Amino acid sequence: MLEPTKEQITKDFAEVCRRYRLPDDKISKIQEAVSAILGAEDESLPLAEVFPDLHQGSAIRGLRLREGLTQEHLARLLGVKRTNLSEMENGKRPIGKNMAKRLAQVLKTDYKVFL
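Each step along the sequence shown adds one to the number in our numbering, with nothing skipped, and position 28 is 28.
Keep in mind that the hints were calculated from the coordinates and are not lab data. Remember, it's a predicted structure, so these values are computed and weren't measured experimentally. Glycine included, every Cβ here is placed at the ideal spot set by N, Cα and C.
List time: in silico DSS-like cross-link candidates among lysine-lysine, alpha-carbon distance up to 27 Å:
(1) 101 / 112
(2) 92 / 108
(3) 92 / 81
(4) 112 / 97
(5) 81 / 101
(6) 108 / 97
(7) 112 / 81
(8) 112 / 92
(9) 112 / 26
(10) 108 / 81
(11) 97 / 81
Across the chosen pairs, the derived CB separations fall in these ranges:
(12) 92 / 67: 18 to 28 Å
(13) 76 / 23: 41 to 51 Å
(14) 39 / 3: 36 to 46 Å
With the hints as constraints, model all of the structure from the sequences given.
Structure follows, in structure tokens:
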């Protein structure tokens, strides 16, 4: 069986938060608490500026590596060509809702991660 050839891009990262629904009246208190903890300034930067290489494909690659799958094996499980999967991982091919649901089922996550 083929082994992953690239170093994990999720190495040395920790998940900070998930998607939460919060009451509107609590948002300002939460923002103040996070700013106090992190010592954050009032300036904010666009996500693309902070993480220029971040795209939906990064999630596919990270979850694929978490499950110990090669591109070839994941492609077989999804019923797609390895080249198509590679293009999705590299942000060169869009990920539709149907494909996101198939990816989520195989990679044991929510399909919205890929949209």
